[in-house]
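Asker: Construct the entire structure; sequences and hints are all you get.
First to last, the sequence lines map onto chains B and G. Under the numbering used here, the first residue of the first sequence is numbered 34, with each subsequent residue one higher. Under the numbering used here, the first residue of the second sequence is numbered 386, with each subsequent residue one higher.
The hints are simulated quantities; they were obtained by calculation from the structure and are not laboratory data. Where hints are given, some of them may not hold.
[What the hints assert, rightly or not] Within a straight-line C-alpha distance of at most 20 Å, the following computed SDA-like cross-link-like pairs (lysine to any residue) qualify:
1) B:Lys80 <-> G:Gly522
2) B:Lys137 <-> B:Gly220
3) B:Lys262 <-> G:Phe502
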Amino acid sequence: MARFFREVTRNRYCYLLVLPAMAYVFLFSYATYPYLLIAFQRFDYRKGLLNADWVGLDNFRFFFQSNDAMRVTLNTIQLNVLFLVAVTVVSVALALLFNEIRSKLFAKFAQTTMIFPSFLSWIIVSYMMYSLFASDYGIINQGLAALGLTPVNWYSTPNAWPAILVGMKVWKDAGMSSIIYLAAIAGIDGSLYESADIDGATRWQKTIRITLPLLAPTVAILTLLNLGKIFYGDFGMIYALIGDNGVLYPTTDVIDTYVFRALRQIGDPSNAAAVGLFQSTVGLLLVFIANWLTRRFFKEGALY
Amino acid sequence: MTAGKRTRIRIGTPLIYAALTLFALACLLPMLLTLAVSLSDEDSIVAHGYRLLPDRWSLDGYRTILVNGGLIFRGYLISFIVTIAGSFLALFVTALAAYPMANPSVKYRNVLALYFFITMLFNGGLVPWYLMCTRLGLTNNLLALIVPSLMFNAFNLFLVKNFMESLPGALRESAYIDGANDLRIAFRIYMPLCTPVLATVTLFYALAYWNDWFNAIMLVDDKRLYPLQYILFQMRSNIQMLDMLPNGATTDYTLPAESAKMATVILTIGPIVFLYPYLQRYFTKGLIIGSVKG
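Answerer: Spelled out as structure tokens, the structure:
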């Protein structure tokens, strides 16, 4: 204890500097943990945390016995896996293509265009998406009509939405994440390519035999990192693009939108907290598994 | 066999350019379409739908916002205030905390790192966060848009910390010998040297604030406090649009709803386009450091 005080007084200014961040994290993370207890209560805003009635596991039972539990859990995982695979495949492909380009000006121009969507909010994207998919004015339905096909009422066709959402995700994120892979490719030892040239390797062979294998660890590490987040739906994306369009819930409703509705629209904080706790717990478990896998296979890429 | 291979390579290069051009165009097209709709005449939208090249161009969408868009202007102002105040505060909190964590003479710096790191792995979720915000009185005021969620990000902290660790330790030690204390060293030596990474982090924060609507949807009910993004969220149906343009609802005047909506979108993207050269440079740099090397 004396050593603790000696250290704190000796570096008092340093601890002073870190104090605002510590206080912030304490308030908005650590100090919120006790509120998780309301998952086991019938919480009432007027009574508060300490005087609420305890109901054991009722809130969890309510959720898991409803039809929603399976739907939102599966949707969350399904959409995240699709996003992860699609964005990774497209952005690695883009990076490999950019790597073959000699024209600096073209590369710069193409990258500038591809990165731009990642700076937009999902609300903005929802308007752009609407200009494509709107049933009356949208470009896609105009195209379908011009080809003599029946226009589709996209916003009431749930089965189309996993594909549309994947497309929007790729549209927004692939350009930016290709930059990361391109940086990893730039870090590959150039002498490997030189000796491959001497051996008469074609460009295709160099890509398949040198670039891809050496890029694989980066891909794997980033994928594993994202695997840890697979239980968290992208609320900003789903709620901006889908909103309260209940017709689309069967394929698009995720845990996070369900929790949001339970809290803000249905007004049942205890049920919302129970689902949230379920999500955080499984989420933490997945982070551990993902990190264990990363450490097992790529020592330097592990999170901790 | 070899001949076949060679021809494939020769047609390969144009194909690569074509594929990249195609993807770039796909990224650009929805944005151009939005811009075109915002500049379209409302009647030609109703007649033909959204077009990249409308029959008649018109500035009515922008004019409507200019004349009737009281709340939209207010939203712009709110967004600017929140973005500027928020990113400044966030930069302050982050930069200050990074210095001690990069200082080897601070014995508990690993404990501190763990303290921040745990919050990246586990959070209580939406409900505890929401209850805490209401408990702290962060509802229906400007602070509710600035303080929760966005004012500190552990990822950014580690980004700045890693950069500071790459600076030579002799800087600090010689300053110690000259009698400077840590406050002086942090502000006079480290902060100026960290300008590139601090610029990156500030842009990260600023973009997060500008694009945020989560705090608004969770914590703000008062229309006069809606930031631009949340106004757009609310405006998606035309009925809600009328609500946002209170003077436009006269019977003898058709509101150019479609073009005005898209005009608001364009105005919201405006500052991002304006800052785009910086965003592109610093963002990609920070992202690469954070994900590949970090």
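Asker: Hint by hint, say whether it matches the structure.
Answerer: Comparing the hints with the structure gives:
1. At roughly 17 Å between alpha-carbon atoms, Lys80 (chain B) and Gly522 (chain G) fall within 20 Å of each other, so this suggested pair holds.
2. At roughly 18 Å between alpha-carbon atoms, Lys137 (chain B) and Gly220 (chain B) fall within 20 Å of each other, so this suggested pair holds.
3. Distance restraint check for Lys262 (chain B) and Phe502 (chain G): the Cα-Cα separation of roughly 15 Å lies within the 20 Å cut-off, and the hinted pair is therefore satisfied.
Of the hints listed earlier, there is not a single one the structure fails to meet.
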